[in-house]
Amino acid sequence: MLEINNVKKSFSGVFEPVLKGIDLSLKEGEFCTLIGANGSEKSTLMKIISGEYLADSGEIRRSGEVSQVVQDVNKGTIPSMTMLENIALSRMKMPRFSFYKRHRSEVVEKIKSLRIGLEKFVDQPLGVLSGGQRQTIATLMAMNSGSKILLLDEHTSALDPKMQTLLMEYTAKSVREQGLTTLMITHNLEDAVKYGDRLIMMHRGRIVVDIRGREKSELKISSLLEMFHKFEDQSLLH
Amino acid sequence: MSTDLIINGLQQGLILAIIAYGIMIPFRFLDFSDLTADGAYPLGGAICAVCMSSGIPASIAIPISMMCAGIMGICTALIHLKFRVNSMLAGIILSTMAYSVNLRIMGRPNIALFDCAGLFGANIGYNMLIIVAILAVCVIPFAVFLRTDFGLRFRAVGLNPSLARQQKISIEKYTVFGLFIAGTMFGLAGSLIVQLQNYMDVGIGVGILIHGLASLMIGEAIIGNATLNRQLVAPLLGALVYQQVQGIALSMGLAPSDLKFFTGSIVLLVIAFKKNGGKNV
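Residue numbers (our numbering), protein chains in the order written: chain A, 1 to 238; chain B, 1 to 281.
To be clear, the hints were calculated from the coordinates, so they are not data collected in a lab.
If you're wondering where the values come from, they're calculated on a predicted model, not measured in any experiment.
Even for Gly, the Cβ is constructed at its ideal location relative to N, Cα and C.
Each hint can be trusted.
List time: in silico PhoX-like cross-link candidates among lysine-lysine, alpha-carbon distance up to 25 Å:
id, chain 1, residue 1, chain 2, residue 2
1, A, Lys75, B, Lys173
2, B, Lys168, A, Lys47
3, A, Lys194, A, Lys216
4, A, Lys8, A, Lys20
5, A, Lys148, B, Lys168
6, B, Lys275, A, Lys75
7, A, Lys173, A, Lys112
8, A, Lys173, A, Lys148
9, A, Lys110, B, Lys168
10, A, Lys75, B, Lys168
So the derived label-pair ranges between C-beta atoms look like this:
id, chain 1, residue 1, chain 2, residue 2, range
11, B, Leu89, A, Glu169, 49 to 59 Å
12, A, Ser130, B, Ser33, 24 to 34 Å
13, B, Thr227, A, Gly64, 31 to 41 Å
14, B, Ser33, A, Leu54, 21 to 31 Å
15, A, Ser157, B, Ile6, 55 to 65 Å
16, B, Asn276, A, Pro79, 13 to 23 Å
17, B, Ser265, A, Glu16, 49 to 59 Å
18, A, Asp160, B, Ile6, 55 to 65 Å
19, A, Gly117, B, Arg230, 21 to 31 Å
20, A, Pro17, B, Ser33, 32 to 42 Å
Residues from chain A that face chain B, not an exhaustive set, calculated with beta carbons under 8 Å:
id, residue
21, Gly76
22, Ile78
23, Ser80
24, Met81
25, Glu85
26, Leu89
27, Pro95
28, Phe97
29, Tyr100
Model the full assembly from the supplied sequences, consistent with the hints where possible.
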């Protein structure tokens, strides 16, 4: 569960608040996609939820630990460590004075479940993999961490179309299986329509669209695009 | 180059390797540019020399020296973490202060230990064996630690601090711990060198950091540091090679007073070599 009540945020040197009172409540296991034009402050909201930024006012309640995957794969992994070390690190909320290699078989099984043949690189430094493969491992690490809330900030945007589809399918499947409360930022409207139980759109620091349930499952890209342009045109007029 | 010079170089190289390991910990695992070596190494030597000249056996004097130098490492970490002082500046300030502290501890600029029973004797082979055993006792447990859950978290602190924070790893605690271990290694090296030379001079620490850093970088240039095993072998290999290179330079007629210039040139050459190879130093 994630509960955000009237959260506001300003940055020094910026005249008006960038987040102007956000209210959002995600149920346990709810998968919500978040769209909006550049500058709509989606990432600012994400950073406040993760605790990277402090809100000026308002309240945030989280039912458990938060893990996140961001666009920059270098932030979510350690390229000089092996794949085993990276994944073992992600599941160590309770470290012990025993060898991390005890997780090896479990880690190999998890990598095999990705079905992209990465298990043969388990003892190789992560840096030898392509950006897409590393982002897949970063996503697996976030899923593996035992957190209840998952934040995804354009985690597929730097990947080629094939890898994007693969990672999105894996993400959606794992989120369902683990019942993670998920908030995913994306600029890909197809993904926003296809995945998730709910869709919200932000515009200039406010949530302006909130679609869920049957309305979400029947949502068409054309109507979403129409909404998107409506708000963009409004901002051009102002 | 004479056999004596080679063997002497090996002995000195093994002690220098302990310093190089102490430098490797903050520089490579914590991303912390620590200059405490210049103060902690003579502090270890001074305390060991004073203890031994007071009749305390070497087996007790060495752990006392290590603890004091380790505490100096903790002080560097705390000055950086609590007062937000740049890590290099924190090390320089403490090393400068340590000079006066060492003089106070010793009561005079130098202490001769010819009449004290230390770890080493007249047999060079026996002396080398002792240094190798001490080095193994320090490095093997540390290598094992790095392969535990805690060791993995320790390595993550320097490699990706933002990921470490996300994993709820306390960067502060691991930094304090790492600098304590590094400090104990400097203290150990200081206490061994004064016993090997039977002499402690307050100025022994001048430039020791650059010798240790040169050793680490030479080792990494030879075998690299792409894997944990290579990273752990690099300081030892580098220190042994570095001491032999120094020996060769001296046997070819280089004046001992020119050694520091020679060392600095080696460090610059290794940096240039690594930069051209596309690696960061």
